[in-house]
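Protein chains in written order, with my numbering: chain A, 1043 to 1405; chain B, 71 to 342.
Treat the hints loosely; a few may be bogus.
[Claimed, not checked] Once the Cα atoms are required to be at most 30 angstroms apart in a straight line, the calculated DSS-like pairs of lysine-lysine come out as:
{"#": "1", "chain 1": "B", "residue 1": "Lys218", "chain 2": "B", "residue 2": "Lys99"}
{"#": "2", "chain 1": "B", "residue 1": "Lys306", "chain 2": "A", "residue 2": "Lys1134"}
{"#": "3", "chain 1": "B", "residue 1": "Lys218", "chain 2": "A", "residue 2": "Lys1073"}
[What the hints assert, rightly or not] Label-pair distances were calculated between CB atoms; the ranges are:
{"#": "4", "chain 1": "A", "residue 1": "Pro1397", "chain 2": "B", "residue 2": "Glu107", "range": "49 to 57 angstroms"}
{"#": "5", "chain 1": "A", "residue 1": "Asp1151", "chain 2": "B", "residue 2": "Ala295", "range": "23 to 31 angstroms"}
{"#": "6", "chain 1": "B", "residue 1": "Ala294", "chain 2": "A", "residue 2": "Asp1049", "range": "29 to 37 angstroms"}
{"#": "7", "chain 1": "B", "residue 1": "Arg178", "chain 2": "A", "residue 2": "Asp1096", "range": "27 to 35 angstroms"}
{"#": "8", "chain 1": "A", "residue 1": "Gly1214", "chain 2": "B", "residue 2": "Arg96", "range": "18 to 26 angstroms"}
Source of the hints: derived by calculation from the structure; they are not laboratory data.
Since we're looking at a predicted model, the values are computed, not measured.
Each residue gets a CB set at the ideal place from its N, CA and C atoms; glycine is no exception.
Chain by chain, the residues run as shown.
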Amino acid sequence: MRVEDVDTPALILELAPFERNLNRMAAFASKAGMRLRPHAKMHKTPAVARRQVDRGAVGVCCQKTSEAEVLVDAGIEDVLVSNQVVGMAKLKRLAVLAQRATIGLCVDDASNARAVSAAAVAAGSLIHAYVEINAGADRCGVAPGAAALALAVVVASLPNLRFMGLQAYHGGAQHLRSDAEREAAIAAAIDRARTSRDLIRAAGIDCPVITGAGTGTYELEAASGVYNELQPGSYAFMDADYGRNQASTPYEHSLFVLTSVMSRSPEHAVVDCGLKAHSVDSGMPLVAGDAGGRPMPGVGYVKASDEHGVITSSGGDLPALGSKVRLIPGHIDPTVNLHDWIVGVRDGMVAELWPVTARGAMW
Amino acid sequence: MSQALPMEAVITVHGPGQLLRAFRKRMIKSFAEEAPEGRLQEQPSDDGVVFAYSSSEGVPFPSLVALSTHYPDCVVGILWSKASSSGETTLQNGQVKEASRDSLLGGRIPQAIELAADGTLRLALALDIGHDGMLGYCATADAETWFKLASRPDAPELLTVGGDGSAWDECWRDGHCAPVLPAQAFSGTERRTLESLAAAFRAEWLWYAHAPAEQTIVEQQRYAAARRPVRPINVKSLKLAEQSGSRLSSLAAEQAWVMERLRTTWAQDTTQ
């Protein structure tokens, strides 16, 4: 089937740039001597995770217990839920999952760590626990330093938990626009991680892994001498927001939303791709070109409603009724979560069809 | 129940006089609340505040780090020593300024360990040197015992424990083992020494395949990941990762013969 014949709206993955992206990051991690643990919250697709592991990733990250279940069911043997898991219902599921795969999670509270331990003891499994420090995002995580040490002491003492080290991810730094801003933010995160690691080691506790980093900053963490594991996700697909960072990135846009013009006026075209087919939390999508990827200069996506998107032109030709347009999503993660399938395309032809198996896995 | 030999530490705090006094006061309170099992004794000093501390639970680092954060102008030095290792850490403003650790067998107790290429324990011992002889704990991958012998290489007899663990009931001479009749009960001092010696060594170095799963699950997984064979008695993975080579020893030259004596007698007999 030709890509032009794929019904819309649909997620189109250009396999050649996608594979180049995977290869570039794998080569970078290997050369830098870093463990690579790509973030699967972005793609939610076991077929993508498998290709990342096949290229040397030690495993993957995800954010939810139910995502971890999907990934383990698909044969991924090492999954870190890089998030807090609270409540016995979820902890029981995770502890059972740890009977058949290496499962990790993050903790930032001693009572939660004890609950994780209790669940693992009940299931007879081992859970890898990472103390999450607030690396600067002011979201989850204990304060670096004394608080991180105090929690590490608790975690290291609990049965059926293995203290693995620190989760130190600075999400807010990924989308800071200038290199200088990102460098300053990550320098502070590195300092927080180093301080915490040194205290934990001085207390006689093994702290083997310092994990974090995203597509916007991974080179900084890799050069830190503190981090030894990278968690980038978006690099595989990329999105419009990452494209706005002021730095040349070697990663190519590989994922697009294919949409059709369903109404046309002299002033604008209306496409069948609105809020139910892509996310606008990081801005409107960019028009990448027509169905075959040929550029459409001057044409932009300016407005989204539930089922509709409005495209206008500042000089170029508006697409014709029934024609198809490729959009670069503003934010890749929530966009992928809206679709059941990823359509893999090579040389203009459909070559793969992958289910987004963890779509909607929010528990 | 046997008790591990305690970690011993000297904690020294330097800083401006008023802050030093406040630090001292809060440290005593904090240790009493958060590490009540420990023994904290202030030492006379003309230079800063000095405490001797001992505890089987180790130094309460979180308390010291928290205090260091509250008093950023004070410098906290911790000189610590366990049975098998020792080291020094300096804290200031809640951060590690310096940290060092002696070699794996840098502690107070003479010890020696021999490993097979796959990490299997061939023989390990820990010694207590007394006036009238040596008491010790030794282990292979399959068995462990206490032993007693004179402090000289030509000592003919090596006593070990083979029965219910209550008395010296085996005597090794010329490579052969004979029962001790009647068995010699341990003295109270002997028992306390042997229990603490063995507990300290085990806590630092060993894990047991037959221990409850919640105690061994981490080591079981580490051994599986490294494809190491699990035996009844095993060396902790982190120790294996730290050491290089198959032999470690802090025995003095005049004690080295003890290892050989055990290797050719009790260990040879118990290795499966």
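Here is what the structure says about each hint:
Between lysine 218 of chain B and lysine 99 of chain B the alpha-carbon distance is near 43 angstroms, which puts this suggested pair outside the 30 angstroms criterion. With a C-alpha separation of about 29 angstroms, the suggested pairing of lysine 306 of chain B with lysine 1134 of chain A holds against the 30 angstroms cut-off. Straight-line distance between C-alpha atoms of lysine 218 of chain B and lysine 1073 of chain A comes to about 55 angstroms, which puts the hinted pair past the 30 angstroms bound. In this structure, proline 1397 of chain A and glutamate 107 of chain B meet the distance hint of 49 to 57 angstroms, their C-beta atoms being roughly 56 angstroms apart.
Between aspartate 1151 of chain A and alanine 295 of chain B the CB atoms are about 28 angstroms apart, so this pair conforms to the stated range of 23 to 31 angstroms. Between alanine 294 of chain B and aspartate 1049 of chain A the beta carbons are some 48 angstroms apart, a value that contradicts the proposed interval 29 to 37 angstroms. Restraint check, arginine 178 of chain B to aspartate 1096 of chain A: a C-beta distance of roughly 51 angstroms breaks the suggested window 27 to 35 angstroms. Look at glycine 1214 of chain A against arginine 96 of chain B: about 35 angstroms separates their beta carbons, and that is not inside 18 to 26 angstroms.
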